[in-house]
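A.B. asks: Single-letter residue listing:
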Amino acid sequence: MSQENNNQDRIDVDIKVENSGSAAVQDAPAPAEVSTFRLVATLAVAGVLAGMLIVLVNLHTKPIIDKYKAEQLQLAVYEVLPDVERYDTYYLVNDALSLSLPDGAKESEFKRVYIGRDAIGETRGVAISRGESGYQDVIMVIFGYDPVAGTLSGMKILDSKETPGLGDKIFKDMNFVDQFFAGPQTPLLGVKSGAGKGQPNEIDMITGATISSKAVIGIINHALEEWKPILDQGIPEAPAEATSGEVAQ
Amino acid sequence: MRTTTAQQDFIRGIWKENPVLVQMLGLCPALAVTNSVANALAMSGATFFVMSCSSVLISTCKRFIPHEVRISAYILVIATFVTLADMLLQAYAPAQHKELGAFIALIVVNCMILGRQESFSSKNSVFRSLLDAIGTGVGFTIALVMMGGFREILGTGSFLGYPLFGPNFEPWVIMVLPAGGFLTLGFILLAMGAIEQRRKDRAERKEEPVAEVSS
Amino acid sequence: MNEQTLFSIFFSAMIVNNFTLALFLGLCPFMGVSARVETALRMGFANIFVLVLTSLAAWFLNTYILETAPFLRIISFIIVIASLVQIVETAIKKLSPALFRQLGIFLPLITTNCAILGLAIFQTNRGYDFLQGLTFAIGAGLGLTLALVLMASIRESVEFSDVPGIAKGTGLVLIIAGTLSMAFMGFAGLF
Chain P
0 MSQENNNQDR IDVDIKVENS GSAAVQDAPA PAEVSTFRLV ATLAVAGVLA GMLIVLVNLH
60 TKPIIDKYKA EQLQLAVYEV LPDVERYDTY YLVNDALSLS LPDGAKESEF KRVYIGRDAI
120 GETRGVAISR GESGYQDVIM VIFGYDPVAG TLSGMKILDS KETPGLGDKI FKDMNFVDQF
180 FAGPQTPLLG VKSGAGKGQP NEIDMITGAT ISSKAVIGII NHALEEWKPI LDQGIPEAPA
240 EATSGEVAQ
Chain E
0 MRTTTAQQDF IRGIWKENPV LVQMLGLCPA LAVTNSVANA LAMSGATFFV MSCSSVLIST
60 CKRFIPHEVR ISAYILVIAT FVTLADMLLQ AYAPAQHKEL GAFIALIVVN CMILGRQESF
120 SSKNSVFRSL LDAIGTGVGF TIALVMMGGF REILGTGSFL GYPLFGPNFE PWVIMVLPAG
180 GFLTLGFILL AMGAIEQRRK DRAERKEEPV AEVSS
Chain F
0 MNEQTLFSIF FSAMIVNNFT LALFLGLCPF MGVSARVETA LRMGFANIFV LVLTSLAAWF
60 LNTYILETAP FLRIISFIIV IASLVQIVET AIKKLSPALF RQLGIFLPLI TTNCAILGLA
120 IFQTNRGYDF LQGLTFAIGA GLGLTLALVL MASIRESVEF SDVPGIAKGT GLVLIIAGTL
180 SMAFMGFAGL F
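Residue numbers (numbering that gives the first Met the number 0), protein chains in the order written: chain P, 0 to 248; chain E, 0 to 214; chain F, 0 to 190.
Bound-form chain P, shown alone (with noise of 0.2 Å):
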């Protein structure tokens, strides 16, 4: 351990005899010690070099999700919204709807809804996304929306983790599923298959998956809550230029 390197060495060598126990002390008088210098600069080396490949490849596929992330969207909303052309994105800024965001800001941050219009732009309906807790996690659902009548045009299941062969009927039984699009009445009311007296906004629950039906309800219940009173301040006309793609094939 009595070397005669410079101190940074040393206190090397001491960390390294701490580290490793009595093994270590025959390794001390090996070869010279790494410098700190060396130690620091092999790091940085690799970690520019990681950055550079990372920041390649990124560069290669960024573009390749990103298309397929919108497309799904665009799928997504065209599922919910029938009669739809195309639709434009408003963002909820300062409690009011708006096609832009603020400078600078992330767009991640601000809640947003898919306003779809027909041929001639005129609005046909208003798609919103929400994710609550389900049985077993989060459900992500999107709906489609008329403000004019109230009613639903359609729901779709973007993301379940819900128990496989129960919980997952949400999306898997037709029968549910196609209540959504058969124009209910909202607010939703869940009520037990068979159990129904017949009124407008009555969706039949799974039975055997009540809870995750109740989540699925209780989303798009709890989404107008919170726009209603947004959307029903008016919707703005459509924008000159179409903000969104094709029609989805």
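Calculated from the structure, these hints are not laboratory results. It should be emphasised that the depicted structure is a prediction, and the values quoted were computed from it without experimental measurement. Think of the CB as a built atom: it goes at the ideal place given N, C-alpha and C, for glycine as much as any other residue. Be aware that a few hints might be false.
Result set (DSBU-like, lysine-lysine): computed pairs, CA atoms no more than 35 Å apart in a straight line [claimed, not checked]:
id, chain 1, residue 1, chain 2, residue 2
1, E, LYS97, P, LYS171
2, P, LYS191, E, LYS97
3, P, LYS227, P, LYS196
4, P, LYS110, E, LYS97
5, P, LYS68, P, LYS171
6, P, LYS227, E, LYS97
7, P, LYS105, P, LYS191
Chain E is nowhere near these chain F residues, computed Cβ spacing over 12 Å in every case [said to hold, decoys possible]:
id, residue
8, SER7
9, PHE10
10, THR67
11, LEU108
12, SER160
Add chains E and F to chain P, keeping to what the hints say.
C.D. replies: Relative to chain P, chains E and F alone:
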């Protein structure tokens, strides 16, 4: 230097020192993403990619990595390849990427990969390290697909999405749930233990020509 | 933005989606250290501490730095975690050498504990804000500790039972874990 042959370096990881079933490494992904064979394959593939690339790179650079910071260096290399795997998977297999979710990133802390770097790649040639990585990767894949197959067949009555049994088969949903993961691996280990035990008994009996145990 | 209430995040992380029994994170310490309740408790609390620090660090990184380079997330997370564990280890060594001796090898192993990195990733993916992230970390940590302690106490009792030879060791631990996991499933859908 190692006294093992190239062939041994390769075969070793597949069964005798199978990373999951024998060394008990990499358990988190083994249990989490084996609820279907497709997921098991995707995870194995990603891990295989990361481990092979890391082993080759670290073996190539082993002279430049000072001993004191070797663990940090290994982690940096592994994390880089995991990031690449994550990006590539998201771009070219988005459905699989969504299923695997956070567990792709967790490949970074898969003790199996770090263990191979520490015990093998840092001390051996590039070629041997590659063999070692491939062997371990194959072993990992076998273990995962075995679990995935078991869980998917019993839990959903299908294999790779193709239904095996008729519509009257009542799937054991528990198998695709977390509990099923634990139980499956537990029973596989029990089975392996039983086989090992029987082999030992037979070997012992062969060594004792004077059989004390009758029948 | 995440709509979950703080209570549901906490309860979900600790019980319903227990990090170990439902999400399969933190299995290395679960299998290895869980033979005595005392050790399990200490390991659990060390983990809670690191989890909370990680949550804060992850939130900080996500909010201020990673917006411009999201692909550096994995690397920066693991570097931060490794450093945090190193700092915690040094701190414990200075403040309580007795505790340091008892935790021994397990401290550096916290770095490769999937639960720590897993927490950072989940927090990011679910878009938790500062308070939600902290609640998540505390819930997850308590859940981990709960699983560790449960497993340790069961194993302590099992030592007195007549377990067939082939089952001894990890096979038995896994089957116990499976049963525990099934039991915890009963908490699903509580709220």
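A.B. asks: Evaluate each hint against the coordinates.
C.D. replies: Results of checking the hints against the structure:
1. E/LYS97 <-> P/LYS171: OK: E/LYS97 and P/LYS171 at ~18 Å, within 35 Å.
2. P/LYS191 <-> E/LYS97: holds (33 Å)
3. P/LYS227 <-> P/LYS196: Satisfied, since the Cα-Cα distance of roughly 26 Å is no more than 35 Å.
4. P/LYS110 <-> E/LYS97: The hint holds at about 23 Å.
5. P/LYS68 <-> P/LYS171: Holds - the C-alpha atoms of P/LYS171 and P/LYS68 are around 22 Å apart, at most 35 Å.
6. P/LYS227 <-> E/LYS97: Given pair P/LYS227, E/LYS97 holds - Cα atoms ~32 Å apart, limit 35 Å.
7. P/LYS105 <-> P/LYS191: Violated. P/LYS105 to P/LYS191 sits at ~42 Å, over the 35 Å cutoff.
8. SER7: holds (19 Å)
9. PHE10: Per Cβ check, F/PHE10 is outside 12 Å of chain E; nearest 17 Å; holds.
10. THR67: holds (16 Å)
11. LEU108: Non-interface label on F/LEU108 violated, nearest chain E Cβ at 9 Å vs cutoff 12 Å.
12. SER160: Holds: least Cβ distance 16 Å, greater than 12 Å.
The structure is inconsistent with the numbered hints 7 and 11, although it conforms to all the rest.
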